[in-house]
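Okay, here's what each chain looks like letter by letter:
There are 2 protein chains.
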Amino acid sequence: MCIASLYFILLDMYPFFFFSFSYSGAKLALDSLEVPVGCVIVEDGKVIASGRNRTNETRNATRHAEMEAIDTLLEQWREKRLSTSEVAEIFSKCNLYVTCEPCIMCAAALSIVGIEEVFYGCANDKFGGCGSILSLHSSSSEALMSGGVPQGKGFKCTGGIMASEAVSLFRNFYEQGNPNAPKPHRPLTHQAIQ
Amino acid sequence: MCIASLYFILLDMYPFFFFSFSYSGAKLALDSLEVPVGCVIVEDGKVIASGRNRTNETRNATRHAEMEAIDTLLEQWREKRLSTSEVAEIFSKCNLYVTCEPCIMCAAALSIVGIEEVFYGCANDKFGGCGSILSLHSSSSEALMSGGVPQGKGFKCTGGIMASEAVSLFRNFYEQGNPNAPKPHRPLTHQAIQ
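Protein chains in written order, with the UniProt record's numbering: chain A, 1 to 194; chain B, 1 to 194.
Just to be clear, a hint being listed does not mean it is correct.
As the list makes no split between identical chains, a pair holds if one copy fits it or if it spans any two.
[As the list claims (entries may be wrong)] Here are the simulated lysine to aspartate or glutamate pairs, DMTMM-like style, with alpha carbons at most 20 Å apart:
no., residue 1, residue 2
1, Lys-153, Asp-125
2, Lys-80, Glu-57
3, Lys-153, Glu-43
4, Lys-126, Glu-79
5, Lys-156, Glu-43
6, Lys-153, Glu-117
Source of the hints: derived by calculation from the structure; they are not laboratory data.
Chain A with its partners taken away, still in its complex shape (with noise of 0.2 Å):
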């Protein structure tokens, strides 16, 4: 094998080698019998933080992966004494990959600190706003279009890596019964529900 292929099965390889922390995140939330989805953030090759989903253990529906990374993040910042627009600058070549969709609330927020590029496992067939429901993610999203111009940048958006897995984490979830689920659930197929 030459060089030149070994470089480009390893650039292959490079969103699965940050996936797999993601899905250590999604594991511990699992664990924790949080809905299991998780995130890293990724700049320049290396990761600077990571999430999991503590809707549960917080008592706070809005506490998704992908917004306790970023919390993780501008509060390392924010010690660092980082101004408004250093921020800005290290987002926009901050990439994150995570397990699931993002819903429409962390995509609009992906969306407003300005982030490069997500990368994502399963679709989120029910509150997706990368693509499933809404397309939060493009600048020129006919939902947004049509009334202004879309909150933040929009960024980049690719799914669909190691999907399956993602769906297996979600089933075994549903399997063991989510204990803070306010009625019974049916078991998951395909959706995935953050």
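For this one, chain A is given, so just place chain B on it according to the hints.
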């Protein structure tokens, strides 16, 4: 004036009473060189939480007034060890009074936590999630129903209360200059930007 007339006058004044608290928060934000948006959350006629925009202070562009108020409240409830269903039950009886229409992210978050009703001041013509750009409050929202079910149950929403006061605060903000704006802004006319 009969007692019945007085009753209806007081009933009409009810939202304005809570808006006065929201506007105090917005003015506090203005004094702190933040985009001037403030809100309160009301349960059974009592203000139980307040929030104001803290995006500059925290360097976190997602720390809108509504997210601040939600998180303050949920932190209190977490300390009281309320269960997820107890939290959901209280939220379903809470109203939010906010000086500017919630953005897409905040509208999604309010729907996720299951707030009962939202009253807002001026419209958010660029990013509004409660009618201006998207209608995430509406459980029959076309954008959502086309692909699935809405995230959360949606909530009742009334806008335009003391709107001119809210616009005036925005105008003051942009006239005094936003020290954290990445680029020079054009003066605000009547668009509410959060």
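Cross-check of the supplied hints:
1. Lys-153 <-> Asp-125: between (24 Å within a copy, 16 Å between copies)
2. Lys-80 <-> Glu-57: Only across copies: Lys-80 and Glu-57 sit 13 Å apart there, 28 Å inside one copy, limit 20 Å.
3. Lys-153 <-> Glu-43: Within one copy, since 19 Å is at most 20 Å while 36 Å is not.
4. Lys-126 <-> Glu-79: neither (37 Å within a copy, 31 Å between copies)
5. Lys-156 <-> Glu-43: Classified as within; 15 Å inside a copy, 41 Å across copies.
6. Lys-153 <-> Glu-117: Answer is within; shortest intra-copy Cα gap is 11 Å, inter-copy 30 Å.
Figure legend: structure checked against the earlier numbered hints; the only hint not met is number 4.
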